[in-house]
Amino acid sequence: MYRITKHIQPNSLTSYKNDPQARYDNLPTRVREDLKDSLLREQGYVCAYCMSRIDSQKMRIEHWACQDNNQHLELDYNNLLACCCGNEGQRKDTYTCDKKKENKALTYSPANTEHAIDCRITYIHGSGKVTSNDCNFDKELNEVLNLNETRLVKNRQHALKAVQEQLSRKKGTRSKQDIQKLHDKVLAINNNGQKMPYYSFLADYLSKKL
10 MYRITKHIQP NSLTSYKNDP QARYDNLPTR VREDLKDSLL REQGYVCAYC
60 MSRIDSQKMR IEHWACQDNN QHLELDYNNL LACCCGNEGQ RKDTYTCDKK
110 KENKALTYSP ANTEHAIDCR ITYIHGSGKV TSNDCNFDKE LNEVLNLNET
160 RLVKNRQHAL KAVQEQLSRK KGTRSKQDIQ KLHDKVLAIN NNGQKMPYYS
210 FLADYLSKKL
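Numbering of the sequence shown is given in this note's numbering, commencing with residue 10 and proceeding in unit increments.
Derived from the structure by calculation, the hints contain no laboratory data. Treat the hints with caution; some may be incorrect.
[What the hints assert, rightly or not] Label-pair distances were calculated between CB atoms; the ranges are: (1) Ser24 x Ile198: 25 to 31 Å; (2) Thr14 x Asn79: 21 to 27 Å; (3) Gln175 x Asn121: 19 to 25 Å; (4) His167 x Ile198: 17 to 23 Å; (5) Asn78 x Ile188: 42 to 48 Å; (6) Arg32 x His167: 38 to 44 Å; (7) Asn79 x Lys217: 34 to 40 Å; (8) Leu176 x Asn145: 32 to 38 Å; (9) Ile17 x Glu97: 29 to 35 Å; (10) Asp193 x Cys128: 17 to 23 Å; (11) Arg32 x Arg178: 40 to 46 Å; (12) Lys26 x His167: 14 to 20 Å; (13) Lys26 x Arg178: 29 to 35 Å; (14) Ile198 x Arg39: 23 to 29 Å.
Yeah, the Cβ is synthetic: ideal placement off N, Cα and C, and Gly gets one too.
My request is simple: use the sequences and hints to build the entire structure.
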């Protein structure tokens, strides 16, 4: 998970919300597509929770504060996130992110600056796991989002291995300048507006070497 800086909501969503009958479940196709595009761009095409790669064809629009209990927020742009499909179609115990969360509550939102999500997440690079020093939030990471599901852990480990291989390409000890350069590369946005999957996990690993 990582801090998300929200942009201005799409104009089409602003216009739609002026309709007294506007409801999320009745979003016009054009508004929905504009919304997906805006969420993807501000998140760098990675899932708000697990940080896997997503695109307009393989994503879900997540309500951080669930619709059932927060109808007044169902069209609030700051409450909306782009998430992966959460292993939909597989065994229920492998569901992750929004698919796993459903209508459960989550204490902190990655899009709320006051929640300081980056300070609440701890990465264990050896195991590929995501944890938190906040006991309640740590429980939510596992039971509400299932962020340490086997597939996700392996994906993080695989991504980290690729970074470690880049560090070991040259003989000898890497200089801080070398590490900083790779750190900046991990955090960079490519020409397609995409961030690297699991970039927060990888950047945290590299920052500890600086």
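Against the structure, the hints:
no. : hint                        : verdict
1   : Ser24 x Ile198: 25 to 31 Å  : 29 Å, holds
2   : Thr14 x Asn79: 21 to 27 Å   : 22 Å, holds
3   : Gln175 x Asn121: 19 to 25 Å : 34 Å, violated
4   : His167 x Ile198: 17 to 23 Å : 21 Å, holds
5   : Asn78 x Ile188: 42 to 48 Å  : 45 Å, holds
6   : Arg32 x His167: 38 to 44 Å  : 41 Å, holds
7   : Asn79 x Lys217: 34 to 40 Å  : 38 Å, holds
8   : Leu176 x Asn145: 32 to 38 Å : 36 Å, holds
9   : Ile17 x Glu97: 29 to 35 Å   : 30 Å, holds
10  : Asp193 x Cys128: 17 to 23 Å : 21 Å, holds
11  : Arg32 x Arg178: 40 to 46 Å  : 54 Å, violated
12  : Lys26 x His167: 14 to 20 Å  : 41 Å, violated
13  : Lys26 x Arg178: 29 to 35 Å  : 51 Å, violated
14  : Ile198 x Arg39: 23 to 29 Å  : 26 Å, holds
When each numbered hint is compared with the structure, violations occur for hints 3, 11, 12 and 13.
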